[in-house]
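Asks: Protein chains in written order, with this note's numbering: chain R, 297 to 855; chain W, 297 to 855.
None of these hints come from the bench; they were simulated from the model.
Don't take each hint at face value.
No copy labels: a pair is met if it fits in one copy or bridges any two.
In the SDA-like style, the derived pairs of lysine to any residue whose C-alpha atoms are separated by at most 20 Å in a straight line are [stated by the list, open to error]:
1. K669 - R749
2. K778 - R749
3. K504 - R566
4. K378 - S692
5. K778 - D810
6. K669 - R774
7. K504 - E563
8. K771 - L832
9. K380 - L825
10. K669 - E353
11. K771 - I823
12. K778 - L768
13. K504 - N564
14. K669 - E352
15. K778 - A556
16. K380 - P364
17. K380 - E355
18. K771 - A661
19. K380 - K504
20. K380 - R616
21. K778 - I823
22. K504 - I565
23. K697 - L839
24. K771 - L664
25. K771 - E375
Everything numeric in this text was worked out from a predicted model, so none of it was measured.
Number of protein chains: 2
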Amino acid sequence: MLKNREVARATLENLYRIFTIPEAPDSTLGEIDRAITRDVAGFLQTHIVALERSLEEIEGDFSTSTIPEEPTFVSEYTEFVKQKLVAQSVHTAAPGFIGHMTSALPYFMLPLSRIMTALNQNLVKVETSKVFTPLERQVLAMLHRLVYLGDEAFYGRWIHNSQHALGAFCSGGTIANVTALWVARNRLFAPSETFNGIAREGLARSLKHLGCDGLAVLVSRRGHYSLGKAADLLGIGRDNLVTVETDEHNRIDLPQLRDACRRLGDENIRPLALVGIAGTTETGSVDPLDELADLAGELGCHYHVDAAWGGPTLFSERNRHLLDGIARADSVTLDAHKQLYVPMGAGMVVFRDPTALSAIEHHAAYILRRGSKDLGSHTLEGSRPGKALLVHAGLSIIGRKGYELLIDLGIERARSFAAMIRRQPDFELTSEPQLNILTYRYCPATVQQALQRASAEQRRQINLLLDQVNQLLQKDQREAGKTFVSRTRLRIPLSGAEQVTVLRVVLANPLTTDAILQSVLEEQCTIVLQQDIQALLQQVELLCAGVADLSVQLKTKAS
Amino acid sequence: MLKNREVARATLENLYRIFTIPEAPDSTLGEIDRAITRDVAGFLQTHIVALERSLEEIEGDFSTSTIPEEPTFVSEYTEFVKQKLVAQSVHTAAPGFIGHMTSALPYFMLPLSRIMTALNQNLVKVETSKVFTPLERQVLAMLHRLVYLGDEAFYGRWIHNSQHALGAFCSGGTIANVTALWVARNRLFAPSETFNGIAREGLARSLKHLGCDGLAVLVSRRGHYSLGKAADLLGIGRDNLVTVETDEHNRIDLPQLRDACRRLGDENIRPLALVGIAGTTETGSVDPLDELADLAGELGCHYHVDAAWGGPTLFSERNRHLLDGIARADSVTLDAHKQLYVPMGAGMVVFRDPTALSAIEHHAAYILRRGSKDLGSHTLEGSRPGKALLVHAGLSIIGRKGYELLIDLGIERARSFAAMIRRQPDFELTSEPQLNILTYRYCPATVQQALQRASAEQRRQINLLLDQVNQLLQKDQREAGKTFVSRTRLRIPLSGAEQVTVLRVVLANPLTTDAILQSVLEEQCTIVLQQDIQALLQQVELLCAGVADLSVQLKTKAS
């Protein structure tokens, strides 16, 4: 019995130890800490893309569903992390990893993240965040000013106002978009003398109160999928997320948008919000933000701009005109973990009207009391970490001019990659880069010519095969682990009403050079020589021969 | 002109540098990194609570709303962080900081967080997370098993199933609770032959389809404020969040709950979900989870348990019975950043039915394709960091037995603090700790006696003054910066229908000792000697004298 108690005491002492900061830098834990730090750096230097093993194989290391009964030594776990995790994760920071919106991070983000983690502040309330609350308010004001260009007096009045917040810091752009539409919905159904507001009464009674049969959110078909989630979550329904066709530059088609609005009127459905996109996820296109502002004004609806990707273009003197009209938006989403180069998990939404967030204000007895400066009273999320520190660090250390360089660099890089693709006869540029995102596909020159003359049905058949080619190409390149592009589906001029598979490239990593881009294309030229792809291309050729015959037939008929 | 270009090139080179990992440990950035690490450790060792300056004063350092034009040296910014941020943040890990749900963190969380940040994986899709996807799925399975005790075959089938997810990893308990109710709502209005489901058709048409006038969520009045947000967000309306009174142990009152359900029936409002709380935020009370499961069965509604705080009690052989019935819940919220001792920003919701999350499933053309293992197709959030690593590390390094020790320790500590409060005649224990949270207030012994005999109006007046006493007490203690308790408002036996201000203590930090708890009370005994509080207490005494008179009068009348 005594022995059991001794064992328990020993275990307890071990437990205390893991909660205690090592006193000396030469303590065991301190040593492990430094070893990990060195190793991560080593990994980042020597690997381009992590070890390629199939997901199914990897799952074998993660298939136990019972929580380990006994404790493990930190050193043992560290080995596991190095061998099973670090070596098999995706090197999202590699300059050849240009398929998604990830990039190398500024080095200072690592030690600062560590400080953030060590301080473990909770931004929901001042009592657990103190200085981090004014810090986050300042960051929101800075981004607000970047978008809305308010004057000193405006920010002097609102930046630290205890009743309001200029925006909400979120875990990402999805929560930011949801927050924007939540605010829009609650403002449309604000409390009045005869109505307690949607926050209290709910959506069904609110619609009855306003005498309409539904709400709609309008956006181009390139809108981010988070808008669908928002429509579902907020009770609006995905069928009422009206996705409007785009023009040949992947920007919302204004005449079709106006048609859609008219149809809504006929159905007694109220337009809740118009969403403009400043940098579509798939093509980086920017909607005509000024024209959308005009229309939102006419409709009297909320105007939201999803600038999760493109917002930081505002840093660039040369390119910020691309976002003209953004200052007329009622709300704007920005993602710091994208082009502000902050680690994953930092989104924001700012509101032109500094009182807008009151529409979702909430309180609790133990925190978020009225008149407190607790940021939690105006956010969808509750407890939140001090990520604002990292945004603040980026804005301070890189500065407006630094971000300008990064933005301009990405846009130039995209243009030069587009030029490279155009010079390769067997590739087809499927969307011209407006910002730093573009799409293209493998499509041999002869096939491009044949597609011009092909019938709709012939086009469909050829494109179906080309889809397979490009899917295989993307998959094989990813699995080879040297470079990475992503893929999506788009309507392109030669595809008619159908969508085709295209390769997608995001050029935000400042370490990505033209030489790397050249090697991406060269690798693709090698991959298409593989047997499975060649077999598909032979089928394409056969179909193209049919097109030639057809055109000959047509000519014959005509003559 | 040439000179300008040279300047631009130099700046660009500097920019590249900050994106490049320092090659040698003796590089400047490497040195700064280590200096920061040392300094954070220094701060955590030498300060108990950070420097106390008023928020208004601190705001002065964070009032510029323009983004700095020029870059700043990392070293300069580091100084700013040390002096203006670290020194003025709240030391949430201090063993005397027992007012909120924060604790010291196991030391290994810091280097592992650094790895997580450096790898910068994005869990929304396998392409940007690879091994982190099976890792997160494993963590979800482990927590699912902790709650639901499924067998090997069950987890073998579902853990890495590409069509489904056993739960969702979230930024915190709020998103977890919202996700649970979102799933509940969408399952109630699932698609059928004549109806496309609420996700597509929206709430108003769904209510019409089911022929009911509204939805209700039922929870005790101690329910977390995130449920109100969820009711608002999901279009249900806060008025339809039915908050039921609690019994004398702050647990939902079952007869009153049944009455509330009957009233809903009369109003043709459909109960969407019953929410049980396993560890209320304010008092740590656990609802009768088994009885609630029975009732949810009768009503045929979703049964959610918010175990954000108390979930890890399941680690303890001795205490897990307190949560009996939790395995009957349809969904359970757990917060890893609470009693799993993970840094801020890690919540989870697990579902008994492994197909439940299909109700909110979504896809996009470039990611989350059908049949992929992308976790993002079943989460409210989009891009998310690899926080699951830290949960995995805690479960592995601390182990089930380690967590058991921590849980048992906290519950024992709460009991011994309750005993200390009872021994102090001038303090009143206002809620008995069931887990490791308790509340009390300063209320001199004589006043406690007087309150027993006082009329309702006298009680009200005395309690109003005591509220002020306890508010000042809490504020002064916080500002003194040595220890910290929080405050909230509760109904207690001697307060009648009104709520009174009570001090709230959360005992989850393993470094908090009985000696520290004793010093918290001693400090409070000193603070109440201050003039402003004494003035209030004199008014209380006068009122109590009135009570004595009254009781004399009453006696006289009776005789």
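Asks: All hints, please: hold or fail.
Replies: Here is what the structure says about each hint:
no.: 1; hint: K669 - R749; verdict: neither (66 Å within a copy, 40 Å between copies)
no.: 2; hint: K778 - R749; verdict: neither (37 Å within a copy, 81 Å between copies)
no.: 3; hint: K504 - R566; verdict: both (12 Å within a copy, 19 Å between copies)
no.: 4; hint: K378 - S692; verdict: between (33 Å within a copy, 15 Å between copies)
no.: 5; hint: K778 - D810; verdict: within (16 Å within a copy, 58 Å between copies)
no.: 6; hint: K669 - R774; verdict: between (48 Å within a copy, 16 Å between copies)
no.: 7; hint: K504 - E563; verdict: both (15 Å within a copy, 17 Å between copies)
no.: 8; hint: K771 - L832; verdict: within (15 Å within a copy, 74 Å between copies)
no.: 9; hint: K380 - L825; verdict: neither (33 Å within a copy, 59 Å between copies)
no.: 10; hint: K669 - E353; verdict: between (50 Å within a copy, 14 Å between copies)
no.: 11; hint: K771 - I823; verdict: within (10 Å within a copy, 68 Å between copies)
no.: 12; hint: K778 - L768; verdict: within (16 Å within a copy, 63 Å between copies)
no.: 13; hint: K504 - N564; verdict: both (12 Å within a copy, 17 Å between copies)
no.: 14; hint: K669 - E352; verdict: between (49 Å within a copy, 10 Å between copies)
no.: 15; hint: K778 - A556; verdict: neither (45 Å within a copy, 62 Å between copies)
no.: 16; hint: K380 - P364; verdict: within (17 Å within a copy, 42 Å between copies)
no.: 17; hint: K380 - E355; verdict: within (11 Å within a copy, 45 Å between copies)
no.: 18; hint: K771 - A661; verdict: between (53 Å within a copy, 15 Å between copies)
no.: 19; hint: K380 - K504; verdict: neither (57 Å within a copy, 52 Å between copies)
no.: 20; hint: K380 - R616; verdict: neither (44 Å within a copy, 33 Å between copies)
no.: 21; hint: K778 - I823; verdict: within (12 Å within a copy, 66 Å between copies)
no.: 22; hint: K504 - I565; verdict: both (12 Å within a copy, 16 Å between copies)
no.: 23; hint: K697 - L839; verdict: neither (53 Å within a copy, 67 Å between copies)
no.: 24; hint: K771 - L664; verdict: between (49 Å within a copy, 15 Å between copies)
no.: 25; hint: K771 - E375; verdict: neither (30 Å within a copy, 47 Å between copies)
In terms of the numbered hints stated before, the structure departs from hints 1, 2, 9, 15, 19, 20, 23, 25, listed from lowest to highest.
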